[in-house]
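Residue numbers (the numbering used here), protein chains in the order written: chain A, 1 to 288; chain B, 1 to 242.
It is worth saying that the hints were derived from the structure and are not from the lab.
Treat each hint with caution, since some may be false.
[As the list claims (entries may be wrong)] Estimated spans, in silico, between C-beta atoms of each pair: (1) B:55 <-> A:115: 29 to 39 Å; (2) B:124 <-> A:91: 16 to 26 Å; (3) A:89 <-> B:225: 25 to 35 Å; (4) A:152 <-> B:128: 43 to 53 Å; (5) B:168 <-> A:162: 48 to 58 Å; (6) B:117 <-> A:163: 20 to 30 Å; (7) B:67 <-> A:79: 20 to 30 Å; (8) A:157 <-> B:130: 46 to 56 Å; (9) A:88 <-> B:225: 18 to 28 Å.
[To be verified] Below, a sample of chain B positions facing chain A; criterion: calculated Cβ distance under 8 Å: (10) 53; (11) 57; (12) 102; (13) 138.
Just so it is clear, the structure is predicted and the values come from calculations on it, not from any experiment.
No residue lacks a Cβ here, since even glycine has one placed at the ideal position from N, Cα and C.
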Amino acid sequence: MQLLLFGAFNGLIVGFFYALMALGLSLILGLNSVINFAHGGFMALGGYLAFTLAPFIGFWGALAVSPFAAAALGLVAERGLIRPLYGRDPLYSLLLTFGLALILEDMTRTIWGAQGVPFAIPDFLNHPLSDVYFFLTGYRLLVVIVAAVATGALFAVLRYTRLGVCIRAGNADLETVASLGVNIYLLRALNFALGILLAGLAGILAGGQLGLTPTMGSSLIMPSFVAIIVGGAGSLIGSLLGGLIIGVAAGVTTMYIPAASEVVIYLIMALVLLIRPRGLLGQEGLFE
Amino acid sequence: MTLLLEAEGIEAYYGKSHILHGVSLSVAEGEVVTLLGRNGAGKTTTLRAIMRLTPPREGRVRIFGQDVTGWPTHRIARGSGNGGVGYVPEGRHMFRHLTVEENLRVPPPTPGQWSLATIFSLFPRLAERRTSKAGRLSGGEQEMLAIARALLLNPRLLLLDEPSQGLAPVIVEEVMQAVRRMRSEGTAILLVEQNAILALAFADRAYVLSDGAIIHEGPAAELAADSEKVKSLAGARASRAA
Ligand SMILES: Nc1ncnc2c1ncn2[C@@H]1O[C@H](COP(=O)(O)OP(=O)(O)O)[C@@H](O)[C@H]1O
Ligand SMILES: [Mg+2]
């Protein structure tokens, strides 16, 4: 029982990393129609920026500022590189973000080194909260809380702000949104930045848990795509759910059959695709 | 007479197929102009070219005397400080999974007569259903929502693409009542219709489009009086049934 809880909680943490990534990927896929392979690169960038900023503004300052710094860089990439490719064959933006992913990874390697760096978290967060549940450290609890709050805030923005209403409307019919006087160039840029903000946050949280390496992005991005497929493309709640499900599944599997922890993610995906091709909460007709 | 809209020599394509061949038309301040023509004549494409949703390859568009050729769609819709262009697309294009109220939040708030409050007094039905998903509205309610959404830009010019499409005659009458109200407020209207009888009864002037070219232009009353001509030009149905 202890083992199961341990595995499930570990998985929940990783699941939140997947979910934050998958939510950003989904936002960008929905409105920008871009499959953003560079998402993992931006995630790592968020973590490394926090690492660099922390000595000056402290851990909490870095946690608050770095996602926005990553989002600002995302904004630059959208404006400079991705925007000229809207409306063209999706293959172009796919190739572009793939190349950008390689560039970001090498850039991190050049600036911060290939070895990886430990991202120091405040000492009191390292201690277990109870003797029985030794795996429940303050930091892990923090990860769950911050990720949950960020997800809640995202859904609140989408539901209650005009920006969010326009993003949801634009997912369905961007042309009509433009014809109603909305600057869709700005809308797409802000949406892209919002997605990168979530990636940056995931990078910082993951950095404190798993350490920072230049390849952390590329190792987290595939499961994040799987999360989208499992949850159902076009549904943000689906992306959240998909991330948590595969995270917990992988976490539990690690406890019992360590070798199968990665395979189980793809097994779940295959199973979902067999039984319900559109994913758990996916829109009808998107994949069927 | 101030011209609100002037389109000149518009050439439009979908990929390689050449759809509009030098379409020119104009709408004056406060005027109601109808654009008639058979199915596939290019009426929708003409409106899309004006809004630059289908960017024309040749030709110029002036709105409120300003050359807007090459402007992105949202700037054309917003206009340049002196009122925008409201576009009500064919088939309504609701954001189906958004509520009525959310649909109405999409256009940026614009100073002028139309706000959420005045819109709801013009369309009490929409006020009643403000929290319903737009996809659940009836056809008539959806048309009203599409018009309401465009009105929130406080346009001086309204482009309406087949507002009667798929609606029962009573509902068409209700929609047209709202359009009449807009007209009496001084909003100029370019009305695309397949239902020529309905449109001619309402408009000041008419254009007839065939195979992407204007083949007739004149006062609406003149055309309305000659139903044989309407039939041969625009293939209009003789009845009002939609
Ligand atoms: N998206 C499109 N792609 C290719 N051809 C189109 C498209 N939309 C319309 N057409 C063609 O353009 C012509 C004009 O269409 P349209 O402007 O919709 O006519 P109308 O509104 O008068 O019925 C038609 O022959 C139609 O088949
Ligand atoms: Mg049409």
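Hint check results:
1. B:55 <-> A:115: 29 to 39 Å: violated (52 Å)
2. B:124 <-> A:91: 16 to 26 Å: violated (50 Å)
3. A:89 <-> B:225: 25 to 35 Å: violated (53 Å)
4. A:152 <-> B:128: 43 to 53 Å: For residue 128 of chain B against residue 152 of chain A, whose Cβ atoms are near 31 Å apart, the range 43 to 53 Å is violated.
5. B:168 <-> A:162: 48 to 58 Å: The hint (48 to 58 Å, Cβ to Cβ) is violated, given that residue 168 of chain B and residue 162 of chain A are roughly 35 Å apart.
6. B:117 <-> A:163: 20 to 30 Å: The hint (20 to 30 Å, Cβ to Cβ) holds, given that residue 117 of chain B and residue 163 of chain A are roughly 23 Å apart.
7. B:67 <-> A:79: 20 to 30 Å: Since residue 67 of chain B and residue 79 of chain A have Cβ atoms about 27 Å apart, the given range 20 to 30 Å holds.
8. A:157 <-> B:130: 46 to 56 Å: 21 Å Cβ-Cβ, so the 46 to 56 Å window is violated.
9. A:88 <-> B:225: 18 to 28 Å: With Cβ atoms ~51 Å apart, the hint is violated.
10. 53: The hint holds - residue 53 of chain B has a Cβ within 8 Å of chain A, the shortest such distance being about 6 Å.
11. 57: Hint violated; residue 57 of chain B Cβ to chain A Cβ min 16 Å, cut 8 Å.
12. 102: holds (5 Å)
13. 138: Nearest chain A Cβ about 20 Å off; hint violated.
The structure shown violates the earlier hints numbered 1, 2, 3, 4, 5, 8, 9, 11, 13.
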